[in-house]
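Chemist: What follows is each chain in one-letter form.
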Amino acid sequence: MAKKPGDDTQRIDQPTGTAFVGHEWDGIEELSTPLPRWWLWTFYISIIWSLAYVIMYPAWPLVNSATEGMLGWTSRGQLAAEMQAADAKRAPLVNALAAIPVEQLLADQKLYQGAVAGGSAAFKVHCVQCHGSGAMGSKGYPNLNDDDWLWGGDIAAIHYTLTHGIRNPDHPETRQSAMPAFDGVLTPAEIAAVVGHVQSLSGKAKPNAKGAELFATNCASCHGADGKGLREFGAPNLADNIWLYGSDPATLTQTIKQSRQGVMPRWNDKLDAATIKMLAAYVHSLGGGEATPAAAAPAAAPATMEAKAANGQP
Amino acid sequence: MANLEDLLGVDDPLYEKRKGVYPKSVDGFFRRFKWAIMAITLTIYYATPWIRWDRGPHAPDQAVLVDLANRRFYMFNIEIWPHEFYYVAGLLVMAGMGLFLVTSAVGRAWCGYACPQTVWTDLFQHVDRFVDGDRNAQIRLEKAPWGPEKIFKRLSKWSIYLFVAFWTGGAWIMYFADAPTLTVDFWTGQAAPVAYATVGVLTATTFIFGGFMREQVCVYMCPWPRIQTAMMDEKSLIVTYREWRGEPRGSVKKAEAQPGAFGDCVDCNQCVAVCPTGIDIREGPQIGCITCALCIDACDSVMEQIGRPRGLIDYLTLDDVATEKAGGTAHPTLKTLFRTRTLVYFGIWCSIGLAMLFTLGQRTRLDLTVQHDRNPLYVQLSDGSIRNNYTVKVRNMETRQREVELVIKGLPGAIAWTSTGSRETATDRVKVSVAPDTVQKVRLFVVASTEGATRTDFEIQAIALTGSEKGDSDSVRFEAPEAGQ
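Taken in order, these protein sequences are the chains called H and E. Going letter by letter, the first sequence gives residues 25 to 338 in the numbering used here. Going letter by letter, the second sequence gives residues 2 to 486 in the numbering used here.
Mixed in with the good hints there might be a few duds.
[To be verified] Partial selection, computed: residues in chain E whose CB lies under 10 Å from chain H:
{"no.": "1", "residue": "Asn376"}
{"no.": "2", "residue": "Val380"}
{"no.": "3", "residue": "Gln381"}
{"no.": "4", "residue": "Ser386"}
{"no.": "5", "residue": "Arg388"}
{"no.": "6", "residue": "Asn390"}
{"no.": "7", "residue": "Ser423"}
{"no.": "8", "residue": "Arg424"}
{"no.": "9", "residue": "Lys442"}
[Claimed, not checked] Chain H is nowhere near these chain E residues, computed Cβ spacing over 10 Å in every case:
{"no.": "10", "residue": "Leu69"}
{"no.": "11", "residue": "Met76"}
{"no.": "12", "residue": "Thr365"}
None of these hints come from the bench; they were simulated from the model. For every residue, glycine included, the Cβ atom is placed at its ideal position computed from N, Cα and C.
If we strip away everything but chain E, and leave its shape as in the complex, we get (with noise of 0.2 Å):
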C-alpha cells in the first residue's frame, strides 16, 4: 500500500505549519528609508483629522471630514455632496492608476514599504525587539518553557501590541466626527455605538494582523500580489540575488584556500535573518517576497566587512539578469523607471488628476432637479385649463443663505406658485429662499396658457438672485390629456 500513501500525500498535509519569523534588525540606506515612510505615512494618519479649516457658520472646521450622518465629504477646501460622488470615484481611479505605475516601474513597492500591514508590522516587530530583544533572544525565549519571566515579557508585549491597535482604530474614527467633541464623547461614554463597534473591529484586526498573522496576510489573504504579478514587465525593478556572482557559496576561510572555486556569497545567511517574511531570496523571486529591501542591506554590510563590491542582492530588472549573466552591464535605473509604459500610466494619471481639478472649478453651487407628479400626470382645472404638479429640489451647496428664483422657460403664458402661493397672484417665475448648506424642496403648480395646452417639454431655470453666479435648469415635461380626449 506504499504508493496509496504517496497517492494521498499522507505525510505533506495541506496546510504549511507557520515558521516562527524573528527578523534580525538591520542598519542601511533602505531600513532608514523605511523608517522614513513609517514616520510620513504614520504622521498624515493620526494628525490630519486634527487639522482644523475653517468654513464659516454653517459648515464643520475639520480639514478632511466624511461626515456620513449628513452626506457631506470635506476635504480642505473642497466639499462633495453625495451626487459628486465621482470625484471620489475619480481618486479610486487615481489610486488604481498609480498603484500601476508603480509597480510596473518598481515591483511591489507598496508591498515593501506603504502598505498598512507592511508599515504596522514593521511597527510590531519593533516592539518584539524593544520587549525581547533582537533575533536570537526573540528565538530562545519561544522555545524557553513558560516562566515567569516568559510570561511577564509576553504580558507586556502584546499589552504593546493592544495599546498600539488600539490607537490605530482610535484615529480611524476621527476622519468620520469632528475630531476633538468625538475624543471627549468617547471617553465620556456619549459616542454613537458605531464608534466603539469601529474602535473594536480595527484594534482586533490590527492586534491580529499585525501582531500575530504578520506575512500570512501578504502570502495568502492579500490578492494585491497576485494582482501584480500580472502588472510587472522584464523592466520591473524586483529585489534580486546575483546567483551568478554569488554562487557556488563558501565561507572567506574556503575562499582563501582555493582561490577561484566559490562566489562570492559566504553563506552567512544574514539576508534570511533580516526577513520580515522569513524568505531566502536566493532562491529566486517569489510571492513571498514584499521587496522592502532590508537583504539589500544587510548583505552590503557584510560584503563591506569582507571588503567584496556590493550589490550582490540588488534592485534589478529580468532585463538587467538576462544582460549581466551574458556578460554585459546593467541598464542605468533612470532609463528602467522612465519607459514608456510607465509614461504612458502616468500620463493618465495625470490627466484623471487634472480633468477632475477642472471640473471641480468649473462646477456650480447651486443644483435643481425636478420632478413630474406621475399620480396625477395633469389636473383639470375648472375653467378648463390643465395645472402639472413637480417637486423641485433646490440644492445650495454654499455655506450662505441665498435667494433663488425659478423661472418657467419654453412654456407659453405658463405661470407657476408654490404651496405658499396662490393662482391669483402667480407669473412665469417664482421665489425661492434656501437656507445654508441644504436641500430646499418646493412643490411647484403650473398653468399653462388656457387655450391649446399640449404635451410639451420645457426647462425650469433656477437663477442665483445675488450677482452674477451660476444657476442650473432641469429639463421637464408638461402633461396634457390628448386631443379629443
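Pulled out of the complex, with its shape left as it was, chain H reads as follows (with noise of 0.2 Å):
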C-alpha cells in the first residue's frame, strides 16, 4: 500500500541528498530526483520547434484542406517544383528531338543514343504491357528485336505505327487491313490444303498442288505470290522462321478461318511528339531497325488497302 504522496518530501536520502516522493512499497521508496538538464533542454526545445512548425507548416486539419502555414510549403507544390526541374533538365533533348525530323535522326548520332535512353525509359511504362520489357512480344504481339516487320522497320516507318496506331477505327490515318475470314467460304478441306501449302512455304510441309492454287486466287492479293507478304498492308510474310501466332497447322487452320486484326493504341494523342521519336528511336535500335529508304514516304492510303483486301474476298 502506498503512502499518501506530500507526507515526508521534507525527508532527505542520505547518500544522494535527493529528497523523497513519499511513494513506498515494500519498503522500497521513490527519489524526488530532477530530470537531467540535458532531456530536459532538449524538451523545451522541441516545444518551441513545433510551435514554430506549426505556424511555418501546414498544421491543423480542416474539412477539405489544412491549415495553410505560413511558408506555403505544400508537398503538392514541392512535387510539382520537382517535376518542372526535371522538364527544365530535359528540355535540351526534349527540344532538339521536337524539331529534328525523325528520318534525320540516325544522322546526330549523339542525339539519337538521347533518345534511345529516354525511349528505354518510356518504352518500360507503356509498352511493355504488350510487347514485354524486352521487347519480346509473345502470340500476337510481335518481338521488335527481329528483323521481320509487319509495317516497316526503318525509323520512320515504326514512327508513323506509334503515332497512328494498328487498326484504330476512329482515327483516318491509322494503319488499315483486313484479313477476311475464309471460314464458310473456303470448305474445311481446302482451308487444310491452304494450310498445307502455307507450311510448305518455309519447308515444314511437302509442297500442295491445290493449297497453291487456292493461295494464288485468295491470298497472293496480299501475301504476294511467293507468300513473302507486303508491308503496305501489314500483310506478314509467310515463307519466313517467324510467326506471330504461330506455323502449327492448328493455328493456321484458326488464322484462315476467323481472320487475325491485331490493334495497337495510337499514341499521337497521348504521348508528345518527342517522347514518341524516343520510342521509334528505341525500337529501331534494338537489332532489326532497318536503314531509312532514299525517299522516305510512309504508308500509302488506306483505301487502297481496303480495296485490294476486299477484292481478295472471291
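Each of the two chains sits in its own frame; use the hints to bring them together as a complex.
Modeler: Below, the structure is given as C-alpha cells:
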C-alpha cells in the first residue's frame, strides 16, 4: 500500500542528498530526482520547434484541406517544382527531338543515343504491357528485336506506326487492313490444303498443288505470289521463320478461318512528339532496325488497302 | 550509510575533469627532430596540390589529384581508374604494415612525431607561447580574472587558431580539384557547395581538436594507442625513466648532505613541465605517453647542468630495463631495431610495394568488358539464324584517340555489327573509335552461322590498331534455343 504523497517530502535520502517523493512499496521508496538538464532542455527546444513548425507549415486538418502555414509549403507544390526542374533538365533533348525530322535522327548520333535512352524508359511505361519488358512480344504481339516487320522497320515507318496505331477505327490515318475470314468461304478440306501450302513455304511441309492454287486465288493479292507478304497492308511474310501467332496446322487453320486483326493503340494524342520519337529510336535500336529508304514515304493510303483486301474475297 | 557511499563512489565522479596542460618550451635533439618532421609534413601537405605535371590536353596537369567527379586518381605519372582501385587498397595495406613496422621497432613514434593530431597540437602550443608566453605565464593568465588583457590575448590566440584551422581545411580541398582554379572559385563564391562544407568541417575539427581537446583526443578518442599496445613487444623502444638510477629522489643539496642516500633524480619536475599530454613519465609506461621524447630533452639538459650522466629518461626496451636492473648493459639500439619481427614486417611491406610496382608496369591501358543481354537472351531472325546482343564497354585509358577492333573468336562463321552498321556488310570484326580517356559503350549484334547455332562460350577481343600495343579480351556466352524448341 502506497503512502500518501507529500507527507514526508522533507525527509532527505542520505547517500544522494535527494528528497523523497513519499511513495513506498515494500520498503522501496521513490526519490524526487530531477530530470537531467540535457533532457529538459531538449524537451523545451522540442516545444519551441513544434510551435514554430505549426506556424510555418500546414498543421491543423480542416474539412477539405489544412491550415496553410506561413511558408506556403505543400507536398503537391514541392512535387510540381521537382517535376518542373526535371522537365527543365530534359528540355534541351526534348526540344532538339521535337525539331528534327525523325528520318534524320540517325545522322545525329548523340541525339539518337539520348533518344534511345529516353525511349527505353518510356517503353517500360507504355509498351511493356503487350510487347514485354525485353520487347520480345508474345503470341499476337510482335517481337521488336527481330528483323521481321509487318508494317516496315525503318525509323520513319516505326514512327508512323507509333503515332497512328494499327486498326484504330476512329482515326483516319491509322494503319488499316483486314484479312478476310475464310470460314464458310472455303471448305474445311480447302482450308487444310491452304495450310499445307503455307507450311511448305518455309519448308515445314511438302508442296501442296491444290493449296498453291487456292493460295494464288485467295491470298496472293496481299501475301504475294511467293508468300513473302506486303508491308503496305501489314501482310506478314509467310515464307520466313517468324510467326506472330504460330506455324502449327491448328493455329494456321484458325487464322485462315477466323482471320487475325491485331490492334495497336495510337500514341499521337497520349504522348508528346518527342517521346514518340524517342520510342521510335529505341525500337529501331533493338537490332532489327532497317535503313531509311531513299524516298521516305510512309505507308500508302488505307483506302486502296481496303480495296485490295476486298479484292481478295471471292 | 557510509559504506553505501563508498559503493556508489559519490566522491569519485565517473569522468575526470580535464587538467590544464601548459607545456614548457624545451630545446634538445628530439625537439629539433620534431621541428624537422613538422616542417616536412606541413610542407608536403600544403605544397603537393600545387605541383604541376603535364599530361597533355586530355587530362589535368595537377601532379596529385583525386578527381572524384570524373572518377580518376592521378599521382605523378600514375593514373588510376575506378576499376583499378585495388592499387589504393594496396597503398592502405602498405600504410598499415608500415605502422606495424614502426610500432614494433620504435613504439608510438607515429603518435609522437607524425600524427596530424600531434603536429597540429604542437603548432597550436607554439601559438599559445607566442601569444601568452611560456608555461608560467600561461598558468597565470588562465587563473587571472577576465580583464582587458586576458580578453585581448584570448581573442588574438583564438583568431590565430582559427586562421591556422582555416588554412588546414583550405589546403585539403586542393587535392580534389585543380588547385589554382579552385582557389579563384573559392574566393569568388563559385566553388561547389561541398568545397565550402569541407573547409567548414575541417576548420571546425582542427580548431576544436588542435586548439582545445588536444591530448584528450589521444587518450580518450583515438583507437590507435590501444591497438599499438598489442603491436609492441619487449624489444620495442619506449620512453622509460630509469627509476633504479633515479630513486629515491632528492635535491642536489640533500645529496651533498647525505652522499649515497639519494638517486640521480633531483625532482625538478621538468619532465612533467614539458610534457604535451601532461603526464609524469616517472610513474612508468602509460597510455597518455605519446613518446614525443621531449622529457628526454628536458631531463638531459638538467643532468648536464648538475654534472650527472645523461639518459635518466631514455628510449629503452623492456628487455633493456630487465637487463639494466640486473646490473647488465642495454643492447645497442641498432640490434633492437633490426630483429626478425621488424625484418618480416619490412619484407611484407616491400613485397606489397614491389608487387604493385610490377603490376603497374604490366597493366594494359585498353580494357574491355562485355555484358550479354539478358532480356531477350537470343533473337530468332527471319532466316532461321540466331542473334545475340551484347553491351560492350571499351575503356581507353590513354590520353589520345584510339582505333580499336573488336574481333569474335571461337564462334565459327559468326558476324558482328554495331548500331551504325548492318548485317549485310558485317564480318567477324568491328572497328570502334574511342575518344581519349573515356569509356565507349557499344551495342554489338552477333549472328552465328545459320546451321547449328548452339549454346557456347566464346571470346570477344579488343585489339588496338596502332603499333603493337596490348589489347584485352572478355569471355561471353552465345545463347540459342535448346534443341527441339
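Chemist: Take the hints in turn and mark each one as holding or not.
Modeler: To see whether the hints hold, each was checked on the structure:
1. The closest approach between the C-beta of E/Asn376 and any C-beta of chain H is roughly 3 Å, which is under the 10 Å cut-off, so the hint is satisfied.
2. About 4 Å separates the beta-carbon of E/Val380 from the nearest beta-carbon of chain H, less than 10 Å, and the hint is met.
3. Evaluation of the E/Gln381 hint against chain H yields a held restraint, the C-beta minimum of about 6 Å falling below 10 Å.
4. Interface restraint check for E/Ser386: the shortest CB-CB distance to chain H comes to about 9 Å, inside 10 Å, so the restraint holds.
5. Annotation: E/Arg388 was flagged as interfacial toward chain H, and the flag holds, the nearest CB pair being 6 Å apart, inside 10 Å.
6. Interface restraint check for E/Asn390: the shortest CB-CB distance to chain H comes to about 6 Å, inside 10 Å, so the restraint holds.
7. Because the smallest distance between the Cβ of E/Ser423 and any Cβ of chain H comes to about 7 Å, under 10 Å, the interface hint for this residue holds.
8. About 7 Å separates the beta-carbon of E/Arg424 from the nearest beta-carbon of chain H, less than 10 Å, and the hint is met.
9. The interface hint given for E/Lys442 is met, as the beta carbon of that residue sits about 9 Å from the closest beta carbon of chain H, less than 10 Å.
10. Chain H leaves E/Leu69 outside its interface by the beta-carbon criterion, the shortest separation being 22 Å against a cut-off of 10 Å.
11. Listed as a non-interface residue, E/Met76 keeps its Cβ farther than 10 Å from every Cβ of chain H; the least gap is roughly 33 Å.
12. No Cβ of chain H approaches the Cβ of E/Thr365 within 10 Å, the least distance being about 27 Å, so the stated non-interface status holds.
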